[in-house]
Each structure stands twice: as C-alpha cells, then as structure tokens.
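The residues making up each chain are set out below.
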Amino acid sequence: SQQGEEDPQALSIQEGENATMNCSYKTSINNLQWYRQNSGRGLVHLILIRSNEREKHSGRLRVTLDTSKKSSSLLITASRAADTASYFCATDELGNQGGKLIFGQGTELSVKP
Amino acid sequence: DSGVTQTPKHLITATGQRVTLRCSPRSGDLSVYWYQQSLDQGLQFLIQYYNGEERAKGNILERFSAQQFPDLHSELNLSSLELGDSALYFCASSNRDEQFFGPGTRLTVL
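Line by line, the protein sequences are chains A and B. So the first sequence is numbered by the working numbering: it starts at 1 and just counts up by one. So the second sequence is numbered by the working numbering: it starts at 114 and just counts up by one.
There may be inaccurate statements among the hints.
To be verified - Here are the in silico distance ranges between beta carbons for each label pair:
id, chain 1, residue 1, chain 2, residue 2, range
1, B, Ser-192, A, Arg-80, 42 to 48 Å
2, A, Leu-94, B, Gln-154, 32 to 38 Å
3, B, Ser-193, A, Ser-51, 36 to 42 Å
4, B, Gly-197, A, Thr-77, 37 to 43 Å
5, A, Lys-112, B, Arg-176, 41 to 47 Å
6, A, Ala-78, B, Gly-141, 43 to 49 Å
7, B, Pro-121, A, Gln-14, 38 to 44 Å
8, B, Glu-167, A, Thr-27, 20 to 26 Å
9, A, Glu-53, B, His-123, 37 to 43 Å
Simulated from the structure, these hints should not be mistaken for lab results. As the structure is a prediction and not an experimental result, all values here were calculated from the model. Note that CB positions come from ideal geometry on N, CA and C, so glycine has one too.
Work the whole structure out from these sequences, hints included.
The following block contains the structure:
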C-alpha cells in the first residue's frame, strides 16, 4: 500500500529555475526520506527529516515537514539538467518495527537546458 | 555508489521457473530490506532482515522467500514465476535510519 502521494506527478522546468515537489502521507511517522531515481536505476538517498524537525537543508536541497498537515516538500534550487530524475518521498511509520519504508508514487522532474 | 551490490543486473526467465537474487549490504550494515518496483504497484516493501533474523514482512507473496546469511548477504528467492512478477527488485541496507539502495535486479518473466 502507498503511504505517500506526491504532487505534481510530473514537472518540467528550465535550467536555473527552482523545483518544488510535495508529498502527503496518512499516518504518524518517525521520519520522512527523499530519494532520487534516474531512469529505472537505483535509488539515491537525498535527505532524511525526523518528525521533530521542521526544515532541513543539504546543498541545493531544502526539505520541510509539517506533521500537523502530514505533508512534506522538497525544493531544489537553481536546477540543472542533471537533476532530471524521479523523486520519491518515503515514510518510516511510527510504531514501525524495523524501519521499513513506504514510498509515494513519485514526481518525474524534467529540467530542460 | 551506495556500497550495496546486487547480482545479477538482469534476469530473463520463463513462467513457472525459480530464480535467486543476491544482495551484499554496505560494510557494517546489519539490516537488509527487499523492495519491488513495478509500473502498476510502484515501490513496495517486501521483507526485512536484521542480523540474520526476519524483522518485518510486507506484501510478499508466499511464492517468494528470503534469508540473510551469517556474512550478512541476503538472497531473495522467487518461485513459480508469473508474468506479473516482472519488475525491478531492489535491496537496501541500513545501520540507522537512512536506507541505501543497490542498483537493482531487473527481472523479466516471459
């Protein structure tokens, strides 16, 4: 079953623009993680935000978490063609034994040079 | 490179057959997770092992089984394969909260 729903499903922007992707989830969580996947290849871990954190930065990435709204957003600033990929949010549910992740359907980002 | 390795990269087989996918976790990681990615179901958690013991189970079919060996590598066994089992199978490992994924095995069932 899918925990997260991502919005938009697809996003097309020009190089240099910012890209914002949103993720909503259904249950209380321990943490939320964002991953990138290039065209059917492996998932690359981008950033993890814990339930008691509201915002986190890593390079050009900014992630926010609003546990009251059960939502998170990923902002990529000054995007590059190399950022073209699918982006997934994944949640580690509260009370979860073991840390399994529940993934959203993903946002397909296309950055045009 | 995440440090997680998976073999083989590609596997093409026929319905009714059995295959074994192999995963070696990052050095020092005790947890191994298996996920399936298909077009219709997205990324689905299958099963998790921690230091040789099964820790959590997801939507894993009875035809599928897994194990983790004393050297911490893991194998996912898929039997009586059906067309619908065609998918990307990922293994991930973790030591704390972040999971690091391998490159996946693409299984095609003809």
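| Against the structure shown, which of the earlier numbered hints fail to hold, in ascending order? | Per hint list: 2 and 6 violated.
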